[in-house]
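Protein chains in written order, with the numbering used here: chain A, 1 to 365; chain B, 1 to 406.
Wrong hints could be hidden among the right ones.
With a cut-off of at most 27 angstroms between alpha-carbon atoms, the simulated DSS-like pairs for lysine-lysine come out as follows [stated by the list, open to error]:
id : chain 1 : residue 1 : chain 2 : residue 2
1  : A       : K279      : A       : K307
2  : A       : K180      : A       : K45
3  : B       : K394      : A       : K131
4  : A       : K307      : A       : K339
5  : B       : K308      : A       : K45
6  : A       : K45       : B       : K218
7  : B       : K394      : A       : K45
8  : A       : K180      : A       : K275
9  : A       : K131      : B       : K291
10 : B       : K308      : B       : K218
The hints are simulated quantities; they were obtained by calculation from the structure and are not laboratory data.
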Amino acid sequence: MIELRNVTKRYEGQAAVELLSFTVEAGELCVLIGPSGCGKSTTLKLINRMIEPSEGEVLIDGRPAAGVRPELLRRQIGYVIQSIGLFPHMTVAENIAVVPRLLGWSRQRVAPRVEELLDLIGLDPSLYRAKYPRELSGGEAQRIGVARALAADPPILLMDEPFGAVDPLNREVLQAEFLKIQRNLKKTVVFVTHDLDEAIRLADRIVLLSRGRLVQIDTPENLLSHPKNKFVRNFVGGDRALKRLSRFIVSEHLQPAASIALFDAQFGTRIAALKEEGKRFVWITDRSESLFGWIDLREVDGLANPKLAVTRATGADIAVRSSASLREALSRMLGQGIKVVPVLDDAGRLVGEVSLADIERMTGT
Amino acid sequence: MDESRVDQVSLLGVFFGIGSLALGFMQVRMNRIATGVPYPLWRAASPVLLVTFVLLLLVALLLAARVDARLTAAKALTPYTVALLLGLAGNLILVFPFAAAGLSVTRLMPPDAPYARVGLGPGSWLAALSGYILVLSSLKGLPGRRDARIAIASLAAVLMVALASTGLFDRLSLVQEWMARKDRFFSQLGYHIVLSLSVTAVATVVGAPLGVWAHRRKASERSIFGAVGALQTIPSLALFGLLIAPLAFLSHRFPALAEIGISGVGTAPAFIALTLYALLPIVRNTYIGLKVVDRSIVEAGRGMGMAKGQLFVSVELPLALPVVMSGIRTSLVQAIGNTTVAALIGAGGLGVFIFQGLGQAAPDLILVGTIPIIALAVITDRLMAALIRAITPKGLAPAAIGALGQ
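Let's have the full structure, built from the sequences with the hints guiding it.
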């Protein structure tokens with residue numbers, strides 16, 4: 001648990017953060033957000049004493065942070081920054097082992113922990129352990145950054161725009177992976193971002209700051225549905241219903257999809273069977289189970305070969321990943337003028353579909 | 001690589017070789033300080049040697065003119081073989097003038113002149129330079145062939161040692177000049193090496209912390225670099241001179257100092273002046289090495305709970321070390337050169353032979369000092385480069401180190 005009590009930080013008389021009070025409960029993912037210069041990064045650094053408050057105090061599990069030596073305090077708090085800051089002269093394994101080593105863990109204890117963390121973030125230890133940071137892609141480096149912060153299993157995690165430097169596509173994937181990890185580990189997380197969609201997708205609660213002051217602290221749903229004042233209304237924008245969709249992951253609202261392999265020997269028979277069931281649209285897959293196109297069963301009638309009715313469409317054109325949000329699925333539907341989108345797993349295989357009706361149910365309209 | 005392009009560096013080397021034919025390849029003097037009579041190669045050496053040299057140049061010319069592009073196209077020779085052959089020819093051209101001179105001493109030695117000296121003329125040196133250029137340019141054609149590169153780069157040295165051990169060079173004037181001073185030569189060489197090394201060591205012990213300090217305290221940066229930079233602008237001879245008076249005064253005033261060997265001339269002023277000169281590259285590179293460490297890396301280390309000392313030792317220092325070491329490399333090579341001048345104020349070192357040679361107008365004696373100083377500087381530079389490569393952390397991009405360290 002983290003508690004800020006009337007914390008103020010002044011630089012040459014100018015308040016960067018003023019009389020800030022809020023509590024982050026244990027196991028909660030709290031996102032700090034606000035326009036640039038609102039003091040969100042400063043607030044984060046006040047927690048691990050990278051910055052010392054001018055007034056007020058920070059309590060960690062009820063004890064004042066000021067009572068602990070800064071280095072010792074920081075070893076109990078995981079820290080991830082936007083630029084990652086992996087040590088270029090150390091291997092991936094050595095980077096992850098930094099805090100455990102500072103804490104005096106034995107070699108026998110560190111090595112399996114490194115393996116465990118690489119597994120957790122989905123990177124094969126035998127491939128990645130001995131690599132150097134310059135051999136990693138941006139997304140891999142960011143994952144290692146998270147693993148390094150989790151290495152000594154700290155109860156608290158501070159993340160300063162951790163996915164800010166990653167391209168939008170990879171950012172979605174990293175967010176989904178991080179949510180999955182967080183659901184298992186239940187860390188107390190303080191997460192700084194300037195991206196409202198990211199905040200809504202990840203947060204249990206959002207702390208909205210403006211000019212160093214707290215404006216509203218609430219769950220994403222409440223922030224969107226009950227903005228406290230005009231500033232909050234403007235900040236969350238007019239598309240609040242749409243934003244809420246960012247919180248729902250496609251894989252959790254997946255419907256089974258009817259599909260036929262293009263080279264299925266029983267193609268015609270199976271089409272007829274599906275038509276019998278009252279289906280209208282059926283996805284067509286190729287040999288590798290990737291999306292090949294779709295077929296409108298109403299157009300099959302009267303054709304000598306039903307395959308002539310297949311419309312070619314690849315995953316890149318119309319599908320969404322299962323890790324994407326419903327908001328993305330909706331934007332695909334609108335963009336393509338379709339009411340159902342196919343859903344692919346990470347390997348590009350068809351795993352189901354999401355329909356406009358499912359999305360409408362979620363928005364409660 | 002554009003195969004059809006002429007290898008201009010190698011061509012330059014070949015032209016130097018051709019030019020050497022027009023100059024005095026050897027010189028005959030009636031005594032060690034008399035003016036020499038030049039003998040071009042065709043007069044100095046036997047026809048066999050002349051033909052050999054011309055053939056070597058012809059081979060190098062064909063290879064350098066990239067006739068090999070056509071050869072390569074015909075699959076007769078790979079670019080690798082061409083570079084190897086060019087390197088081989090270069091090595092032979094480099095060794096040739098010395099070997100030819102050794103073989104020709106008897107032919108040229110005037111009868112009934114017991115003090116007569118036969119030595120190398122400018123043509124020999126130009127021919128050797130020609131060979132050296134060819135060797136260097138051939139190494140560029142052997143990227144990634146470590147063994148071949150080492151073989152080509154060291155062949156001439158091996159040949160020279162082998163030839164020297166047969167006594168082939170013993171009657172050349174340069175060698176005779178050296179043999180007359182063999183014992184003093186080795187003691188001065190040793191002194192030269194010890195002085196250069198200890199000066200650089202002291203400059204490192206003083207300069208590296210200054211660099212760290214300049215990096216840590218912004219306010220000190222200006223004054224440190226102002227002082228160290230100003231020292232560098234004083235001509236070395238002037239700095240030696242400036243130190244003579246105060247040191248002479250001190251040793252006179254405090255006899256204890258004089259007892260431990262501190263006086264206005266000799267080692268003490270030389271050591272101080274050389275150390276002051278060696279400071280700038282070390283201070284500057286330490287400062288730059290630390291400054292170029294990415295701030296976000298330091299920030300991450302601090303955020304993970306590293307104390308200042310831990311951060312310095314396990315993050316900042318290893319990342320800065322290659323750059324710091326290349327500063328030490330510059331200082332050391334520079335100190336080897338500067339130590340030469342220290343002979344003028346009685347400090348000793350190989351400069352002694354140069355200044356004696358100048359005083360006596362004995363060119364061979366000057367070379368007895370000059371050649372080992374150049375060799376020392378080149379060898380030290382290569383050794384330090386290898387050391388820097390060895391200590392550079394594996395995760396650092398080699399390109400970045402190359403830019404700062406080479």
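- Message: Would the hint linking A:K180 and A:K275 be met if the CA-CA limit is 27 angstroms?
- Response: violated, 39 angstroms
- Item | Restraint status (C-alpha distance of B:K308 to A:K45 at most 27 angstroms) | Satisfied, since the Cα-Cα distance of roughly 17 angstroms is no more than 27 angstroms.
- Item | Satisfaction of hint between A:K339 and A:K307, Cα-Cα up to 27 angstroms | Roughly 22 angstroms between the alpha carbons, so the hint for A:K307 and A:K339 holds.
- Message: Please verify whether A:K180 and A:K45 have alpha carbons no more than 27 angstroms apart.
- Response: holds, 25 angstroms
- Query: When you check the alpha-carbon spacing of B:K394 and A:K131, does it fall within 27 angstroms?
  - Reply: With Cα atoms ~10 angstroms apart, B:K394 and A:K131 stay inside 27 angstroms; holds.
- Item | Restraint check for A:K131 with B:K291, where alpha carbons must lie at most 27 angstroms apart | The given pair, whose Cα atoms are some 26 angstroms apart, holds under the 27 angstroms limit.
- Query: Is the Cα-Cα distance between B:K394 and A:K45 27 angstroms or less?
  - Reply: With a Cα-Cα distance of about 32 angstroms, the restraint between B:K394 and A:K45 is violated, given a limit of 27 angstroms.
- Query: Would the pair A:K45 and B:K218 pass a check requiring their Cα atoms to be no farther apart than 27 angstroms?
  - Reply: holds, 24 angstroms
- Query: Is it true that the CA of B:K308 sits at most 27 angstroms from the CA of B:K218?
  - Reply: Holds, at roughly 17 angstroms.
- Query: Are A:K279 and A:K307 close enough, with their CA atoms no more than 27 angstroms apart?
  - Reply: holds, 16 angstroms
Of the hints listed earlier, those the structure fails to meet are numbers 7, 8, in rising order.
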